[in-house]
Amino acid sequence: MGTLWKIALRNTVRHGRRTIITAVVMMVGISVFISFDSMLAGLDRMAVDNMADYTLSSLKIHNPAYVQDIEATPLDKGLAHPAETLAAVAAQSLQGAARLRFVARVSNYTDEIPVLADAVDPSADARVFKLSQAVVAGSWLSRAAPRSVVLGAELAGELKLNVGDQVLVSAQTVNDVTNADEYTVAGLVSTPAPEVNRGGLFIPLDDARVLLDARSGPGGLVTEVDVALPRASSLEAALVQGEAAASRLRTLLPSERIDPIGSLAASYLALRNAKASYSLIPVIIVLVISAAGIVNTVLMSVFSRVREIGVLRAYGMTPRDIRRLFTLEGLALGLAGSTLGVALGALLDFLLIARGLDMAVYSQSLGSLPVSGILRGEWNPKTMLIGFAFGMVMSLLAARIPARRAARLEPTEALRFQ
Amino acid sequence: MTALHLEKVTKVYRKGENEVRALDGIDIDIDKGEFLAVVGPSGSGKTTFLNILGCLDAPTDGRIVYDGTELRGLGEKGMSAYRRERISFVFQSYNLIPVLSVRENVELPLLIERKLDALEIRHRTEEMIAAVGLAGKENRYPRELSGGQEQRVAIARALVKQPLVILADEPTANLDSRTAQEIVDLMRGINAAKGSTFVFSTHDRLVMEHARRVVTICDGRVTADERKNPPSAAGK
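Protein chains in written order, with the numbering used here: chain A, 1 to 418; chain B, 1 to 236.
Please keep in mind that the hints were generated in silico from the structure rather than gathered at the bench. Be a bit skeptical, because a hint or two may be false.
In silico BS3-like pairs for lysine-lysine, Cα to Cα no more than 25 Å straight-line [said to hold, decoys possible]:
{"hint": "1", "chain 1": "A", "residue 1": "6", "chain 2": "B", "residue 2": "77"}
{"hint": "2", "chain 1": "A", "residue 1": "6", "chain 2": "B", "residue 2": "137"}
{"hint": "3", "chain 1": "B", "residue 1": "32", "chain 2": "B", "residue 2": "194"}
{"hint": "4", "chain 1": "B", "residue 1": "194", "chain 2": "B", "residue 2": "228"}
{"hint": "5", "chain 1": "B", "residue 1": "194", "chain 2": "B", "residue 2": "115"}
{"hint": "6", "chain 1": "A", "residue 1": "275", "chain 2": "A", "residue 2": "382"}
{"hint": "7", "chain 1": "B", "residue 1": "32", "chain 2": "B", "residue 2": "8"}
{"hint": "8", "chain 1": "B", "residue 1": "115", "chain 2": "A", "residue 2": "6"}
{"hint": "9", "chain 1": "B", "residue 1": "137", "chain 2": "B", "residue 2": "15"}
Residues from chain B that keep clear of chain A, each with C-beta distances beyond 12 Å, as calculated [as the list claims (entries may be wrong)]:
{"hint": "10", "residue": "5"}
{"hint": "11", "residue": "7"}
{"hint": "12", "residue": "10"}
{"hint": "13", "residue": "17"}
{"hint": "14", "residue": "19"}
{"hint": "15", "residue": "61"}
{"hint": "16", "residue": "62"}
{"hint": "17", "residue": "67"}
{"hint": "18", "residue": "70"}
{"hint": "19", "residue": "119"}
{"hint": "20", "residue": "135"}
{"hint": "21", "residue": "149"}
{"hint": "22", "residue": "178"}
{"hint": "23", "residue": "179"}
{"hint": "24", "residue": "225"}
{"hint": "25", "residue": "228"}
Quantities reported herein were computed from a predicted structural model and do not represent experimental measurements. Note that beta-carbon positions come from the ideal geometry of N, C-alpha and C, so glycine has one too.
Here chain B stands alone, though its shape is the one from the complex (with noise of 0.2 Å):
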């Protein structure tokens, strides 16, 4: 099934006279339960691609259509809304709120989207957080936590709210290559078990090589779209 479907997606970016084409029509569909890789050189468009996924930039041009909903000037409301309820990120640093306990970023997300009861919230946040590794570890605060740790806790504040998609730009970047294997591991663990559907960003040779498809985006385009093996029986 089509979780997100692109259509001629376009992003100009104005400088001063200049015309920057970010994205050059971009035609892709991503179906639900894919483990995801966007590849390509610096500049190329990654990050806006990203950015356009997870609604947090409009394009300028092209259709996209979020699990059957095409969202069209929604505006900034709309868009929030969206993300509040479907779409969630890790990023390259982690960036967990530095006065929230592991507990207390992890159920953020739910507390934002104030759609669950206490007591829901509660369970599911320490679900969350026995699947991520770090049972025992609730009350710890960000500083008192490794890289690896952080981006852990990233990635339980990233599954909590159950999203459509997980965008991930370059979520390993930070981290040295027995933690980033690790970081890989648990995201591909938690698609093959639950069917989260994960699209990240990545220059990691090791990263692309656990993804199940590797679309190269260079400048603005999609120049490749490698399909490794099917989508995993859990991608329903």
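Just chain A, with the same shape it has in the complex (with noise of 0.2 Å):
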């Protein structure tokens, strides 16, 4: 074996140039997909930490009976002991937030937009959510200012609505009358998250009670508690921490239902997958023609060696042998592919990490998916361990074809090759 391996790598060094073209190609296929992984997990981080920050929170807590019918938003469903339910969250050292839900509509006087409204404790919303960093235009709510409302920006916009101007808030209440009133716009939040943007209507807790005609006070009326959890470092270890903070939250809160942002998020994160794989063809492409590179490299060495094949078999090399001397000729190829092909997907994940990507330039194209901002790539080591196996068994692979044709060759034919 020893010798073979001489033989092998001493005419993989032999033919360099051959064999640095190869091993580029195989670089540049296994570093573009140890990148892209990188980069679409930082996608997924960003997507699920802009949902956790604007939309979902880390975690929530329902009336398990609101669950069965969250689309309809029933008022009559919120939770039996809101402020139990809080004080079970600040007795995990986490910050909680109530909210209280309900579909309303946001009229200008003369254009009339239905939007899902979410009424906030001013001050604990700020500590579970992201939104008042993200208020463009005037101010985030406040105890002090009551009967305000913050909007999305474009909803804003195409109400053609300012800061300070007057909007009328329609919706059903309690007892399922409709009733309306007048709010001044406090402020716009312009989020990652585009629903938000497009829809987003907040309102102060104690405003949204008086117009749903709803219970007051420390008891009143609240459809869900949001809690925030300390970022993790990664996306499965945020999801790992969600589901912890969950199964700790439900023996103190036997009775109500708790979805950390694993279940919260679980369609995007199905449709991550299938989005992911489809994103990888380009990258198996590239594999896909390393491999061939493989192929011909290795042939281009059989073929020149034909007598040299002879001379061995002559002096008592098996097939085996010969097909085996091949075979290590590709490994050794795939070998310094890989290695390369790692090195330098390592690299660009440093330069995703470190530098990140400004998501502003494709933020358009990607249309609704909740990413903008800087994308950070992740640190894959299981992503760089396929790649590099993948490197290595698709070598192994593409050089059995030459690795064989040359163990066929017969001795008296090879010999007499010119």
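With the hints as a guide, dock the two chains, each given alone in a separate frame, to form the complex.
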């Protein structure tokens, strides 16, 4: 085996240019695979973080009956004990915020747009969501300025509303009667979540309870409690952390429905898996090209050494030895390509993580995906390992074709070859 | 003592509907220590004859007894094993492995054979390199050698495993006459000193003159078998 390795390795070095070209193609394939995966992971992370920061929070607590009927946003299925629920969250040293969600219509007295409104506790909400930091005009809600609302920037644009303007908000009360009231636009928010920009209406809890004719005070109507969790090191870690927090809260609040981000964003996460596999198609094409490169390189090596094969066979090497010899050459190529690929992939990963990629350029073409800002890659040792292993296995398989051809050569014919 | 015994050896190639009888009933005994030249016009069957002696090709018909053992129906694996242990080759165009140094080329048959330990391999390799007059050039590569030197390495490679027979197909055809003379002298010297059996095909008058036995093959048959003098005393 030692002699075979020696001959194989020296031949890859001897035909340096051929080796370099093949290894470079492989390097490109594997490094693109690694950095692509890093970017996709970063994109997912960004999307899920944005959902947690602007729309979903990291963990939601509902009345189980509410969730059954969630599309209808039923006001009669609020949390039974909102104060105790918030206390349980606080007992876990977590930030919680009560919200009341209802269907509303916003009007500028000329046009009217239906929205899903969120009644919030202005100060607690700012500790769970980042909406208060996404205010682009005016200010976030405060107890000091009652009877005001914050609107998504696009929604305001559509209704030609500005900070300080009056809006009419109407909704069905808990008694199923339509009620309406006038509010001042306190601020406009522009977030990475398109649905907030297009249809976000935020109103203080107390004002909303008056509008909806609902219970007020500490035990007043609340349809959900949103909880913030500390930022985890990766998406996987965030999902695990969410699940752990949920199960702790479930023991404290056995009669409530508790959903961590993993289940809240389940449909997105399912979608991204499908998207991720489609996005890998170009990478697979590059890798197939490098497989063809290996077949070609080893085949060239076989053809340029037919007589050498004849000599080795004459001196008693078996067809199996010959097959091994050329398989080892393929493997040496694979080793070079895979190592370079992982090294370059790690470098690209490093750049993606350290410097990031500004998504502002792409945000338009990404449509409704909640991504914007600087995209940061994620370290993915598993992907590097997969990339390396894939490179090795691929080169092993690719080398089989020419290696078998070499092994099939008859020694007498090989020796006659000119 | 007989190294190789051939009885009615026939080799037939089929090319489409035509049958080519490359060897047509060859009977010959080759003794250990012989220095035998096979001559004949191109296409007479010399190369086929050497290929069959070298276990590179199996005869269509007839018997071959190698050193008392008949090899028949051995199959590819058995033929490889026999070549590995008992037969060596010297080629017209040397055919050294370009990526291996002189030492590595010479030790290659022993590494393929896998019978000796590293120390013995080293010892034998050095001895053979010295015997062909290339001591001091062990670490050179084939591209750094002249044609004559390359053929010396090829001869050292052929001798290192102490084979039953060394088969050489036109070993001097690519060399100038002076170098050819040197190579023939070298082979002849080794033949005399170690009793190694050489069988070579040649067109070269000079080589024929040095041979102790000249077998002429024509149309696949032995047409002449001329012994110039009895085999050397070393050829036991």
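Quiz item: Out of the numbered hints, which ones does the structure contradict?
Solution: 9
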